[in-house]
Amino acid sequence: MNEHKTIIELSNINKIYNLGNTKLQVLFDICLQIYEKDFIAIVGPSGSGKTTILNIIACLDRPTSGQYILNDIDVNSKSNDDLSEIRNKSIGVIFQNFNLISRHSALENVQMPLLYSDITDKKTRTRKARECLEMVDLTDRASHYPNELSGGQQQRVAIARSLINDPDIILADEPTGNLDSQTSRDIITLLKKLHEAGKTIIVITHNDEIAKETMDTINLKDGKIV
38 MNEHKTIIEL SNINKIYNLG NTKLQVLFDI CLQIYEKDFI AIVGPSGSGK TTILNIIACL
98 DRPTSGQYIL NDIDVNSKSN DDLSEIRNKS IGVIFQNFNL ISRHSALENV QMPLLYSDIT
158 DKKTRTRKAR ECLEMVDLTD RASHYPNELS GGQQQRVAIA RSLINDPDII LADEPTGNLD
218 SQTSRDIITL LKKLHEAGKT IIVITHNDEI AKETMDTINL KDGKIV
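Take the sequence shown: its position 4, counted from the start at 1, is 41 in the working numbering, and no numbers get skipped.
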């Protein structure tokens with residue numbers, strides 16, 4: 038029995054997309070529990086539904102049916118504005134393509150989530166952003182723009198941005214998908230350090246080698262846990 042509190046619980050989650058006159062079901066009765074301080078990989082081939090699960094957990098999308106409980110909150114009952122607030126405070130998302138804003142420096146990109154928070158003081162936002170860049174060993178690149186950074190450095194900026202609101206949960210969507218093998222190992226080492234610091238980490242990947250670095254693996258195929 039896990040000694041930690043359940044932080045995420047999905048019960049009979051289904052997701053159906055309406056494509057004109059056609060309905061496409063991509064998730065089928067997904068049930069899973071994730072506990073505080075877990076380090077989990079959700080593994081499956083392209084088209085297995087991994088990213089859809091991530092989007093639902095991240096409150097970026099809603100299930101067609103089923104129940105999602107996040108930190109004792111019934112997510113389905115919340116408005117879109119409520120979901121935005123929950124996501125901003127509780128969840129940090131690391132996207133495969135980094136999703137950095139090209140006209141902003143690394144420091145400015147890391148600060149972006151704070152613009153939607155209660156922190157209005159510019160000096161405080163800057164200090165917090167520098168602290169997050171320090172956590173990913175990138176303070177010397179704070180003034181650089183995305184096109185001046187390597188892929189691994191851009192991913193570190195994306196990780197720093199995910200940490201800015203000190204979320205309980207970090208979701209990483211194929212965090213090494215666009216990186217070479219050495220940089221991939223560096224990113225996984227960094228995620229391990231965040232886990233050791235008390236974060237709950239969920240990695241979405243098709244790479245079994247990456248999955249082996251986590252505590253547990255959830256295998257997904259054709260929208261079902263297998």
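Keep in mind that the hints are not guaranteed to be accurate.
[Unchecked claim] Ranges of calculated distance between the beta carbons of each label pair, as one might list FRET restraints:
{"hint": "1", "residue 1": "Tyr-182", "residue 2": "Lys-160", "range": "20 to 28 Å"}
{"hint": "2", "residue 1": "Asp-217", "residue 2": "Ser-83", "range": "38 to 46 Å"}
{"hint": "3", "residue 1": "Leu-152", "residue 2": "Gly-84", "range": "20 to 28 Å"}
{"hint": "4", "residue 1": "Thr-163", "residue 2": "Ser-102", "range": "21 to 29 Å"}
[Said to hold, decoys possible] In silico DMTMM-like pairs for lysine to aspartate or glutamate, Cα to Cα no more than 25 Å straight-line:
{"hint": "5", "residue 1": "Lys-249", "residue 2": "Glu-233"}
{"hint": "6", "residue 1": "Lys-229", "residue 2": "Asp-245"}
{"hint": "7", "residue 1": "Lys-60", "residue 2": "Asp-119"}
Just so you know, the hints here were simulated from the structure itself, not pulled from any lab data.
No residue lacks a Cβ here, since even glycine has one placed at the ideal position from N, Cα and C.
Do the hints match the structure? See the list:
no., hint, result
1, Tyr-182 <-> Lys-160: 20 to 28 Å, "holds (22 Å)"
2, Asp-217 <-> Ser-83: 38 to 46 Å, "violated (20 Å)"
3, Leu-152 <-> Gly-84: 20 to 28 Å, "violated (35 Å)"
4, Thr-163 <-> Ser-102: 21 to 29 Å, "violated (44 Å)"
5, Lys-249 <-> Glu-233, "holds (17 Å)"
6, Lys-229 <-> Asp-245, "holds (16 Å)"
7, Lys-60 <-> Asp-119, "violated (28 Å)"
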